[in-house]
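So you can see what is in the structure, the chains are spelled out below.
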Amino acid sequence: MKRIPQLLMALGALLLASLFVWPMWKIVLYAPQYPDGVHMHIWINKLGGSTPGTLQNVNILNHYVGMKMIEPDSIAELQYFQYIIMAMIALGLLAALINKRQVFLAWTVLMVILAIAGIYDFYLWEYDYGHSLSDDAPIKIPGASFQPPVFGRKVILNFIAVSLPHIGGYLTGLGMAFGGLAWYLKRKNDRNEKRTFSADVAAAQRV
Amino acid sequence: MKNLMLKKPLLLFALTLLGMSLVTSCGQKGSSAGKGGALGSDAAAATYVAPGEYDAYYAFLSGGFSGQISVYGLPSGRLFKVIPVFSLDPEKGYGFNEETKPLLNTSFGFIPWDDAHHPELSQTNGETDGRWCFINGNNTPRIARIDLTTFETAEIIEIPNSGGNHSSPFTTENTEYVVAGTRFGVPFPQKDVSIDSYAEEFKGALTYISVDKESGNMDVAFQVLLPAFNYDLAHSGKGKSHGWTFFTSYNTELKNTLLEVNASQNDKDFIAAVNWKKAEEYIKQGKFKEMPARYADNEYDESTHTAKSTIKNKVKVLIPEECPGLVYFLPTPKSPHGVDVDPTGEYIVGNGKLSADMSVHSFTKVLKAIENKAFETTIDGVPVLKYEEILAGVVQKPGLGPLHTEFDGKGNAYTTFFISSEVVKWKLGTWEVVDRAPCYYSVGHLMIPGGDSRKPDGKYLVALNKITKDRYLPTGPELTQSAQLYDISGEKMKLLLDFPTIGEPHYAQGIAASKLIERSKKIYPIEENKHPYAALGEKQTKVVREGNTVHVYMTMIRSHFSPDNIEGIKVGDKVYFHVTNLEQDWDTPHGFSVMGARNAELLIMPGQTETLLWEPDRIGVFPFYCTDFCSALHQEMQGYIRVSPANSDVALKWKLGDKASVQ
Ligand SMILES: [Cu+2]
Chain V
1 MKRIPQLLMA
11 LGALLLASLF
21 VWPMWKIVLY
31 APQYPDGVHM
41 HIWINKLGGS
51 TPGTLQNVNI
61 LNHYVGMKMI
71 EPDSIAELQY
81 FQYIIMAMIA
91 LGLLAALINK
101 RQVFLAWTVL
111 MVILAIAGIY
121 DFYLWEYDYG
131 HSLSDDAPIK
141 IPGASFQPPV
151 FGRKVILNFI
161 AVSLPHIGGY
171 LTGLGMAFGG
181 LAWYLKRKND
191 RNEKRTFSAD
201 VAAAQRV
Chain P
1 MKNLMLKKPL
11 LLFALTLLGM
21 SLVTSCGQKG
31 SSAGKGGALG
41 SDAAAATYVA
51 PGEYDAYYAF
61 LSGGFSGQIS
71 VYGLPSGRLF
81 KVIPVFSLDP
91 EKGYGFNEET
101 KPLLNTSFGF
111 IPWDDAHHPE
121 LSQTNGETDG
131 RWCFINGNNT
141 PRIARIDLTT
151 FETAEIIEIP
161 NSGGNHSSPF
171 TTENTEYVVA
181 GTRFGVPFPQ
191 KDVSIDSYAE
201 EFKGALTYIS
211 VDKESGNMDV
221 AFQVLLPAFN
231 YDLAHSGKGK
241 SHGWTFFTSY
251 NTELKNTLLE
261 VNASQNDKDF
271 IAAVNWKKAE
281 EYIKQGKFKE
291 MPARYADNEY
301 DESTHTAKST
311 IKNKVKVLIP
321 EECPGLVYFL
331 PTPKSPHGVD
341 VDPTGEYIVG
351 NGKLSADMSV
361 HSFTKVLKAI
371 ENKAFETTID
381 GVPVLKYEEI
391 LAGVVQKPGL
401 GPLHTEFDGK
411 GNAYTTFFIS
421 SEVVKWKLGT
431 WEVVDRAPCY
441 YSVGHLMIPG
451 GDSRKPDGKY
461 LVALNKITKD
471 RYLPTGPELT
481 QSAQLYDISG
491 EKMKLLLDFP
501 TIGEPHYAQG
511 IAASKLIERS
521 KKIYPIEENK
531 HPYAALGEKQ
541 TKVVREGNTV
551 HVYMTMIRSH
561 FSPDNIEGIK
571 VGDKVYFHVT
581 NLEQDWDTPH
591 GFSVMGARNA
601 ELLIMPGQTE
611 TLLWEPDRIG
621 VFPFYCTDFC
631 SALHQEMQGY
641 IRVSPANSDV
651 ALKWKLGDKA
661 SVQ
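The listed protein sequences derive, respectively, from chains V and P. Its first residue numbered 1, the first sequence is counted upward by one per residue in the numbering used here. Its first residue numbered 1, the second sequence is counted upward by one per residue in the numbering used here.
Relax, there's no trap hidden among the hints.
Straight-line Cα separation of at most 30 Å, DSSO-like style, residue types lysine-lysine; simulated pairs: (1) Lys-659/P <-> Lys-542/P; (2) Lys-46/V <-> Lys-521/P; (3) Lys-81/P <-> Lys-469/P; (4) Lys-46/V <-> Lys-539/P; (5) Lys-154/V <-> Lys-46/V; (6) Lys-46/V <-> Lys-522/P; (7) Lys-653/P <-> Lys-68/V; (8) Lys-68/V <-> Lys-542/P; (9) Lys-522/P <-> Lys-154/V; (10) Lys-386/P <-> Lys-255/P; (11) Lys-373/P <-> Lys-240/P; (12) Lys-522/P <-> Lys-68/V; (13) Lys-68/V <-> Lys-655/P; (14) Lys-539/P <-> Lys-140/V; (15) Lys-659/P <-> Lys-68/V; (16) Lys-81/P <-> Lys-515/P; (17) Lys-140/V <-> Lys-655/P; (18) Lys-240/P <-> Lys-397/P; (19) Lys-659/P <-> Lys-140/V; (20) Lys-213/P <-> Lys-515/P; (21) Lys-539/P <-> Lys-68/V.
If you want the ones that stay clear, here's a sample from chain P, every Cβ over 12 Å from chain V, calculated: (22) Pro-112; (23) Lys-312; (24) Asp-380; (25) Ala-512; (26) Ser-514; (27) Arg-519; (28) Glu-567; (29) Asp-617.
Treat the hints as calculated values from the structure; they're not laboratory data. All values reported here derive from a predicted model rather than from experimental measurement. Note that the Cβ used here is the ideal one computed from N, Cα and C, for glycine as well.
Please build the complete structure, drawing on both the sequences and the hints.
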């Protein structure tokens, strides 16, 4: 029982490694001509999709309205974000080793900050692609934006765009939850111990 | 781009699971076909496949003298595709583009047409496996193999020492072989002799074409040399008769003129029963003669998107006199047309087309007769078994002009009658006729999905009719042929639908859609494209002159060609447009056509490269454009090529947008 918070902390850190196995997010575009949807996958270190041609297909669709080509090589986050995740895995394991509730909390808070920053970055990125339109776009629609949703569903012209976490994203979320849970249980354990200790002291004093 | 972790992951989890279930519930397609049998509901409902729904079966109908195969859905009778096989198809550039021309090569050179009769699906353990569809070319003897992942012709092999490849390409139980029996006797090997020397100089070859288990590649394994009867149709044994093939014959009279009379005199003709396992032993023992031959084997390579033709010039021949036990003749009344083996492999139905009754042989009795040497006589080393010893039963007066029989796997056989224009259902074993249904008109073959395999799917029957007369709106003197769909799930056959066909639907094959849907290719992965002239990206596009030959390495993607302006071409040049479709999305072909091209267009699938030869004969600036409506900007998908006088010094240059390149 006493080891559970420590194990949760370690497991939470290790769950981040799922980002190297599965995509963290997906954007699916549905239209009459795409009954099964165009499934774009966002990984920690690359962009892809359900088929090798997905990115090209998205770029072809985007070029009609003058959106920029999505070129993974030009997206800096894809280069460095993986190192942040590796560092967070290492820190999480270190936290488990230290096994102090404050350290658990610090790791979890740091992860939440990173997540919020990440999602904000995602939003900026989407905003940029959705709004920086070429002047010589074949199809111009005054006032239209082609920014996909960060989360959920949005109608963009003839497409329905659905943006949701992918497996890596869910497991990372779970990892953070484990960090938080580790802190919570650890705090409970510590209080119980304190109470037990105080009770012991009181008993000793009574003697 | 982002990392994304969420503040409240668990809540989000729940929300997104909900979202996903909403998302995944769309876009799924089911098969609606065959809901409820036809009986008790009306025929229209039984064949109605709602818009967007799938048919339950694919049907591959031969195009007969159109030389092609057409692909229909059942029960709707909707046409999906015409697969070009033996005939040119300018719509697809088939036989016009440089890549497919070699498929139509033969020992006679390039042949742009043939008469395609019998589609035959590959089988594993006697069951259709959905890998390939074979079909025979009748006129210049050939067999083609269609790849059912692409629905394209993958190989065509010529059959040597044959004339009229009609009893073909029926498969053995595991597609070890497809067969090719010659309908016309021919001098073997070909030589200049009097036609009246038919009985002495002419021979009939039964050819076994091996099929590679993995690649499907065909090769002439061996030929069995027989008297010059006219080998009409065939089916290989299955189950207990696996290892044998049965070929019908007519003109056992060995006549060479006025056959309608002269070849209809004998009371009985023969079914030639070939023990091909025995043949394999003889081949292994070296008991074959190597004979000269000349035939083309043309294979399409999916990675280079290009076919290659190879001329071969030898064939292994087995001669029955030297190979006892290889062939037996089964006497069968009056010019049997089709020969059909029931799903158990026991019954061999000879459809004696000029006979009043139908004779069915028993395979068990055939083996016994062989064992007991119950021979009437021997012809050229082939024992003729005694008719009475091998007969299983006779279907009495079933109709006029029986041609073909298929089976439902429930103990029933269905035979077509050309003259009395009907399908007759009868029972195996009791030989009693239990039902008959009229056809409109003059039915030839019939098809039950899997009906000539070990596992028939006895729900539908398709009758393939030669004549339609008043059935449809008239279209001048030439009228369509037709197919008719019957529900055979009940006691009585019920006519459900009647639909026009492409060319003459000679024979057909049917297969459950579920066996093919998942295998169907959507694109050709561009990284696997090994075409020697492919441009695998716009950066690789270029124009190269080699003397009078100009190679244009061109790409296409929605919605432009690269390059789309080309100058420096001269009158008299041979310009090869090697066009690569860079798309990697499902259903995004582009077409390519250029003014004055004396061949056809190109129709290029995603990831594929095709080549059109263009030989400009005059100066000017000529447009080219995309022919397949590909996108909202399809109409803008166009370009120009400038042709200068033969002696001009206009430099070779090309561009897309403002980026010009010069050689
Ligand atoms: Cu196009």
